[in-house]
Amino acid sequence: MKKSHSRIMIASISVIIVMSALYFTFTEDIIAQQEDTVFVTHSGSVIKTTGEIIDPVYSTLLNPEYTESTVEFDPMEYLREFNYGKVSQLPDGTTLREFTIIAEDDKIMEVSPGVFFNVWTFNGTVPGPTIRATEGDIVRINFINNGSKPHTMHFHGIHPAEMDGVFEIVGQGGGRFTYEFEAGPVGVHPYHCHVMPVEEHIVRGMYGVYIVDPKEGRPAADEMVMVLNGFDTDFDTENNFYAANSIPFYYQNNPIQINTNELIRIYVVNMVEFDPINNLHLHANLFYYYPTGTSLVPSFYTDMITLSQTERGIMEFEYEYPGKYLFHAHKIEFSEKGWVGIFQVNDNPDQKSQLEIEYGT
Amino acid sequence: MELDNKSSKGKIILSGIIPFAFLVLLIAYIFGPGSDLLDLGVPLPEITMEKVDFVDSEIRVTVRNTGPIPVEIVMADINDRIQPAAIEPDRFLERYETALVRIPFAWNEAEPYRIGLTIEDGTRFEKEIEAAAPALEPSLELVGFFAIIGTYVGIIPVMIGLLWLPFIRKISKNKYHFFLALTAGLLLFLGIDSIEEALDVSEENLAGSFNGALLVATVVVLSFLGLYYSSEKLIRRAASSRIAKPTAIALMISIGIGLHNFGEGLAIGAAVGLGSIAFSTFLIVGFALHNTTEGIAIAAPMSRGKALIGKALIGKLAVLGLIAGSPAIFGAWVGGFVYSPFTSVIFLAVGAGAIFQVIITILRWIREEGDKNLSSAAVVSGFAAGMLVMYLTSILV
Ligand SMILES: [Cu+2]
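Residue numbers (this note's numbering), protein chains in the order written: chain A, 1 to 361; chain B, 1 to 397.
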């Protein structure tokens, strides 16, 4: 009796060992052979798969049957959205622009298709709203901190010390502060939270763009804002994603529509942290560049600018030929992690006839 | 009387069940009303890339969810640059579930690659491949190639070791004990070496949730116990049958060494499969040298067999050599064609347990054979010399 018992025990132990070894060896190979989805990569190779496609780079143009994952934040809307505030006149005739900005730090944002990251926000998005005023206006920001940590708003520009958003910490859970200053100087500036640790408050998303227009205005143009930013989703002080306006590869998959022979003006602000520099290269064209936008005379005519932290400027250009043109970081690592986009240049419906006449005579 | 007996039996059963019932309650509590107790920590997701295959213009990654919570794989990258990819069967992985990630990529042979996978919370996991090599496709040619290597590493060196038999037969008892202890020392080194290798593989390729070190320890002990039990059986039976006791011991040693050589074959096959060709040349030469000593281990007890001479002895030795050596061939096939780190760890650990069993068998043989003394100068110096020789060869090769 005893003997057979122990024999059974040993036999069953060895059976268990062998079975589990076999299980772990072969489960990997038990994958259905039926192939459904065809998927074409950017280099043109065709992959058939029974499974799913995981790809923020994925172009719906190459693969029309693949339904694109859409994130909640809409970079196309942000691109041309300017907030001028609630406008009123002060007794002396000065324009007053009032804004309400609410800080929160519990938002979960889909920063790339399928990647959900806890961002800290001004008015719920990264970047925060683009605040726009004319030189000499009074800007009044009613700031409410609904977050769980202290936050502030620190504007780049000229203002009194107590409006600098550094030492006047606004407490969590409904703390309030009113920032008020005269808009200036002319140009494009960032604003961001300045609570310690500042790096964390910035990389989590507490930044946005502040534009000061010259009193005489700038020539009419198709204007856009591009915040060059990144997300470090695994907290190793290296960005996992880069983008223009938060969502990697967005403008590559959804090209920005512009017209031939129309002035394009881009307010570009570099908010990338961790990496010392960022840059921007425009394809098949050159642009006039106004560093910080403070002068009305361009400093460069180039196709490439290099930007350090919070460095910014205004780009102006026109495309002569219709077609698709890339713009991207020429630090290719950044463009391969999302900081790349396309201008789709269409024939200008207004100027076409005019052009034909010019060429005809 | 009978009633009494019955009720006492019932009591025994009851007393066996009561603690068990409490145990069930204890477990039920933690899953039911007491589940708050478990909510203290934040469970961190974890995935493990168990296997990376380089096929035609594509890198294939077998990934397992080895963390405590389900995960969703949302992105793949090569060398930290985002790549489009497909995942089969789908991107949702329950605990311990595996998926195959297929990344189209024009990789270059022999170059290093870092493969990254990102999950839904943005955490990126990375696996480094030292040198890309095309995945081995089972072909008759390769089967033959592995068979030749297995023979070179396993069978031939063991046979060469067996050739020392006439020499061992002629030497004095003391010197004989020295040689037996020497083989025990050699084997102890191999056993420790296998455990180290098993721990390395589990450290590099198995997720923490497998408890690599404990897995190795458990399998080593189970393998040891299994062989120990069956060897006792065999030797006891040998005493009352036509198999001579030295032959029985030599057979057990051969089986133990065979299991160990299976692990060696596995390591060689895997090294070839993973493309580290230089590394596998090192392995092949190293194992061939080591394995010569295994032949001595088998020859030692056989040298005291009385009835065996001439052809019968040669036949028996050949069979023992095959038992000890040929598993290297099977190991190379498995390692080369169906490599999985988990099976590797298991087989290396089984091999280590087998080796320890062989050592015990040899030491008992010395004790029985000799004067019930394991601390004689011959034994101690033999054992020490065995360890030293192995250490030195491991440095030199
Ligand atoms: Cu803040």
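One should not assume that every hint holds.
Capping the alpha-carbon separation at 16 Å, the derived lysine to aspartate or glutamate pairs in EDC-like fashion look like this [said to hold, decoys possible]:
no., chain 1, residue 1, chain 2, residue 2
1, B, K175, B, E369
2, A, K48, B, E369
3, A, K149, A, E199
4, A, K331, A, D236
5, A, K107, B, D121
6, B, K127, B, E141
7, A, K48, B, E111
8, A, K86, A, E104
9, A, K331, B, D56
10, A, K149, A, E104
11, A, K215, A, E135
12, B, K127, B, E196
13, A, K331, A, D275
14, A, K48, B, D56
15, A, K48, B, D80
16, A, K324, A, D350
17, A, K149, A, E135
18, A, K331, A, D350
Keep in mind that the hints were calculated from the coordinates and are not lab data.
Just so you know, these numbers come straight off a predicted model, no measurement behind them.
Given hint D56 of chain B paired with K48 of chain A - CA-CA distance at most 16 Å
Distance ~14 Å between K48 of chain A and D56 of chain B Cα, so the pair holds.
Next pair to validate is K127 of chain B with E141 of chain B; report whether the Cα-Cα distance is within 16 Å.
Violated, at about 31 Å.
So if I understand the rule, the pair passes when the alpha-carbon distance is 16 Å or less; does K86 of chain A with E104 of chain A pass?
violated, 22 Å
Within a Cα-Cα threshold of 16 Å, do K127 of chain B and E196 of chain B meet the stated pairing?
Judged against 16 Å, a Cα distance of about 21 Å means the pair is violated.
Between the alpha carbons of K149 of chain A and E104 of chain A, is the straight-line distance 16 Å or under?
With Cα atoms ~9 Å apart, K149 of chain A and E104 of chain A stay inside 16 Å; holds.
Restraint check for K107 of chain A with D121 of chain B, where alpha carbons must lie at most 16 Å apart
holds, 13 Å
For the pair supplied as a hint, K48 of chain A and E369 of chain B, is the alpha-carbon distance within the 16 Å limit?
Distance of about 68 Å is beyond 16 Å: violated.
Is the hinted pair K149 of chain A and E135 of chain A satisfied, with a Cα-Cα distance of at most 16 Å?
violated, 33 Å
Is it true that the CA of K331 of chain A sits at most 16 Å from the CA of D350 of chain A?
violated, 37 Å
Checking one constraint from the list: CA of K149 of chain A to CA of E199 of chain A, max 16 Å. Satisfied?
holds, 14 Å
Proposed proximity, D80 of chain B with K48 of chain A (alpha carbon, max 16 Å):
Between K48 of chain A and D80 of chain B the Cα gap is close to 24 Å, so the pair fails against 16 Å, i.e. violated.
Given hint D350 of chain A paired with K324 of chain A - CA-CA distance at most 16 Å
It is violated: about 20 Å lies between the C-alpha atoms, which goes past 16 Å.
Checked against the numbered hints listed earlier, the structure breaks hints 2, 4, 6, 7, 8, 9, 12, 15, 16, 17 and 18; every other hint is satisfied.
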